[in-house]
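Each chain is listed here by its residues.
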Amino acid sequence: MQEDKSIIEVSHVSKYFGEKTALDDVTLNVKKGEFVTILGPSGCGKTTLLRLIAGFQTASEGEIRISGKEITQTPPHKRPVNTVFQKYALFPHLNVYDNIAFGLKLKKTPKQTIGKKVKAALKMVGMTDYEYRDVDSLSGGQQQRVAIARAIVNEPEVLLLDEPLAALDLKMRKDMQMELKEMHKSLGITFVYVTHDQEEALTLSDTIVVMSEGKIQQIGTPIDIYNEPINSFVADFIGESNILNGKMIHDKLVRFCGTEFECVDEGFGENVPVDVVIRPEDLYIFPVSDMAQLTGVVQTSIFKGVHYEMTVLCGGYEFLVQDYHHFEVGAEVGLLVKPFDIHIMKKERICNTFEGKLLDATHVEFLGCSFECAPVEGMEPDTNVKVEVDFDKVILQDNEEDGTLTGEVKFILYKGDHYHLTVFSDWDENVFVDTNDVWDDGDRVGITIPPDAIRVIKITD
Amino acid sequence: MNKRFLVFLSSRKSWTLPYIIFSAIFVVIPLFLIVVYAFTDDNGHLTLANFQKFFEHPEAINTFVYSIGIAIITTLVCLLLGYPAAWILSNSKLNRSKTMVVLFILPMWVNILVRTLATVALFDFFSIPLGEGALIFGMVYNFVPFMIYPIYNTLQKMDHSYIEAAQDLGANPLQVFLKAVLPLSMPGVMSGIMMVFMPTISTFAIAELLTMNNIKLFGTTIQENINNSMWNYGAALSLIMLLLIAATSLFSTDDKDNSNEGGGLW
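Chains as they are written, first to last, in numbering that gives the first Met the number 0: chain A, 0 to 460; chain B, 0 to 265.
What the hints contain is simulated information worked out from the structure, not anything from laboratory work.
Treat the hints with caution; some may be incorrect.
So the derived list for chain B, only partly shown, Cβ under 8 Å to chain A, looks like this [said to hold, decoys possible]:
1) 22
2) 23
3) 105
4) 160
5) 161
6) 163
7) 164
8) 167
9) 169
10) 170
11) 171
12) 173
13) 182
Positions of the beta carbon are idealized from the N, C-alpha and C atoms, including for glycine.
For reference, chain B alone in the conformation it holds in the complex (with noise of 0.2 Å):
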């Protein structure tokens, strides 16, 4: 066997072999594959045309921009009320115990399809006809502890000199908060709107459940082209996808503060 092989197996450098198996399996050759499918049609030949197809038929475009559109409500909505409550949980004169943190976090711990069919119940029971209110509602639902965690994070990191400094230089509160608090809890924010927009672009399930199949999404037109065998079609939309989240998190990392104070939920 070649020896630079068996030093680099008797090195603690060997433990990532797992992950490296694991995530050339299941991210590194699926991602290849599906930019492999974009490309191809059923033939195996190399073509454009699956992008062409996306760009000349204006009901895919029109989903795609209405998936973002949600996608956009959504993260806004939760943000609008994420701030506030993450706000609140962080401020030790408003809560002094860790309970009123788990409780909003608590969501999280349960499944987000099992939750989503509560969600639909709910409706049921209260007669409200589903759609998109629902859609918004549920997908708000789902999401805001994924904006309330990272910024919450970041405002509890806060190193509360910052805010005595900003009252000493002639701060009243609202100022503090804008001009201190805020900025210094952007990177928080950011990965608070990665969180949310990311999963609710591509969500598809979510949308089936709470419109009753009546409003389609980007996430479902993906599946519905897969299950129906048009694999060279579907990757390629899921390629777009991919670009407009890659072009996203890459927008978000543009901020310098991201890297060293980590707001993130993982």
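For reference, chain A alone in the conformation it holds in the complex (with noise of 0.2 Å):
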């Protein structure tokens, strides 16, 4: 039923540079009219799968479609897109007008229909005027309007744009948001637009593209991916939130921070460990009474303009509520959840797994080293076995070297009451880590496994 109306079908694509996978099957389809945002960290595949579709590189595995013409392999000149660049792209060698003229020339367009179109196109980003001013003689706001000129005025199916706003400053940027989407109206055209801002991403779409690490985590509308993000990478990119550890009791009941609280969701089965996500705001926070589910003291209070923002330790459990009352540093306060802002992820492992083999009765290798394990029976050397390792019995160490193997902190979640690492091996696996440290993004680390700590397990066929 939508098949006839998706305008992008990218069906399974992948890219690789050298070892580097960019992209991992990738499947993704554009409805024709649609405004759809790629959001990702840096680094998460989107700009490559942006250049993808407009051919800048090819897939290395996959299939793109675009109006049901497979274009895979096409050059970028004879496909139905045009590009509005980061850095805007503007030819310094011409004028604005010559700028925008150049796809229509190179149609070989009749020169009064050019003007007239250039004309046209001007007025659309609010140029008028400016036809035969110098490009660098232009502000980034305006270069990044006449980059946009110069894009539509081809009548693309398809416009593309790699994070056209984001060399611009906060105010203006805020202004180009409420124009493109205006234009986006007004044109009817697919828009397929590139960003890290997850605010802008919330602004502007129709539907969202979250990416990480080359695969498509979720796709949705900007409310469902606010209030029904399907992981916990995605609940932290976008907004706030309070991520905790939590347990499902059983169908419309979770127990997290000691407490046991009425939720709406059903059918993970019964005692499964869950990731429990509440955004900031879905806190009631009042004076301490009856009606409290929780009860803790204010650890710190930020005015942000039309909210506080509190932190509020509950039980060994930080809390980060926003209210428009403000309560003193110190105070103790009672929290209040309503069941359906409660919101309950899978969890998409509960400890790490690795592929490993059995090296003699104590050791083990995997992650490309050999490990030290406790005695193993009943196995032969040399059988290959899966290693389980708890997330909290990861150590990490500041001094590389310390380590059995070392890694990069790549991605780093709170849960209340520990920080979630995921540290990218240089064995180019992931191992994640439970832990009290406080972390950054990009630290090399030492990781060590106490022999207590591995589990080896035969596999069974």
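Hints in hand, dock the two standalone chains.
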């Protein structure tokens, strides 16, 4: 039913740069006339995906179709798309008029038509009377407008925008966001917009595609993505949130922070570990009373303009709370959250799992290193095994040489009472770590795993 | 001593002093002397006779025009050979190593006279007659690196997004080159032309060696006059040549992009 309306179909596309995987089996359909935003942190593959659609790079695997035509190997000048570049890429040897007319002249459009179209495009972006200005004499915002005019004047079926507002200051960016939205409405063409700014994505899009590490994490409307994040990455990346470890007691009842809460989620099973997400604005804060589900002490309080942002410590868990009411630091408060504001997510994993090989009774090889482990019985050396390590048993060291292997801290998630880190090891596999220590994104660390933390499990066919 | 001079000596500006003295002795005074000699006769009287002599002498004018012709041909051949070379060198798909760049620039490490003598020996070895062809070959061989390097520099610094923008707007590979790459590399082309044209117009040693003194270039004429103690006439000819070079460099700096994206060798 949607198939006939899809204008861009990306199916099972992967892109490798040497050893590195930039895109990993990405499938995405964009409907005609939609404003789609590809959102993700830097290095997540969002720009690569856009460049594959534009044709500046070709997919290593998979297929891309635009309006039903297979264009995976088509060079960029034959594709019905136009791009607005992050750094504008206006030709410095041409003035505003000639920059905008560049595409039309190549198509051998009659001169009069070019004149009319260029004027119309300039009017569209609010730059009338700038035709004969030198592009170097324009401000960043004006250059971006010209770049947009240069793209839309060709009447593409799809307009691709690669972080077009990243170089502008905040005020200008907000204005341009509104204008882009207006433009999208009046042009009626499909916009594919790449950004790392979640607020921009929420403001502009009909559909948001959240990407991380070359994979699509979630596709949905801004409201869906914000209210129903599919995993802790999306929850953490979009907006601010409290993410906690919890346990689903049974349908509609979850336990976290030492208390049981009613919720609306079901179908997770009984006594299953889950991630619990509560948005800071969904927590009610008030002086301690019978209503309180949790009681705690205000740790910090910052005025943010519209609201106060407070952290409240409840039984060892820190909660981020946003409220119009102000509570002094040190004040004892009660917190309450309504059942439908508790969002439950299935845990992607409950411990580290590696493929390994038993070397002898007390040594096992995984992550490219040999680790000492508790004596294993009943298995021959050289058997392939599965190795499990709990998140909180992995030890990280400041000094890289102290670790059995080294890695880089890549993603940090605060879980209320501890940090959940993703460490990208030099063996190219992720090690997940729960720790109370503070690490920074990009820190180089040594990784050690004590013998008693390693569980060696026989692989049964 | 003057107080202001003492302040000057103690400031960082005083570091420029050696250079000021140097350029005064080796640049400003000689230029001044050329002008003075050009407008005076043997006895030091002010005169325009030197210029008159030049314009009345068809032989001198012929040499002058011929030299310009040779310089233009050399520059054109250098451009035709140098641009594709620079383009290939700067294209990361065709050339992944810097070694190739060094190989192209390598002849510049060898003294120009040594190279020319080697060329003469080579022509002798293959018994190719020396003459106009040999002269142009020798000049191109000597000066082509000066063309390649500035163009290579601008092409290499060029933001790849310009090329992508052109492709995106519907330009096929040839159109990308003609409408984006070529105009954007003009600063490099201009400075390449200057680097080749200026030295070739005043060259004389290469011409003497490669043509067995059969073809006279303007540089040779100047050198002969000065060698024969015709200082005033020689100075006038030098001045004419300087004015020509100054005119070409003025013409090329007219290009507005020349100032910001330095494509120059130095």
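Hints not upheld, ascending by number: Going through the list in order, the structure violates hints 1, 2, 3, 12 and respects the others.
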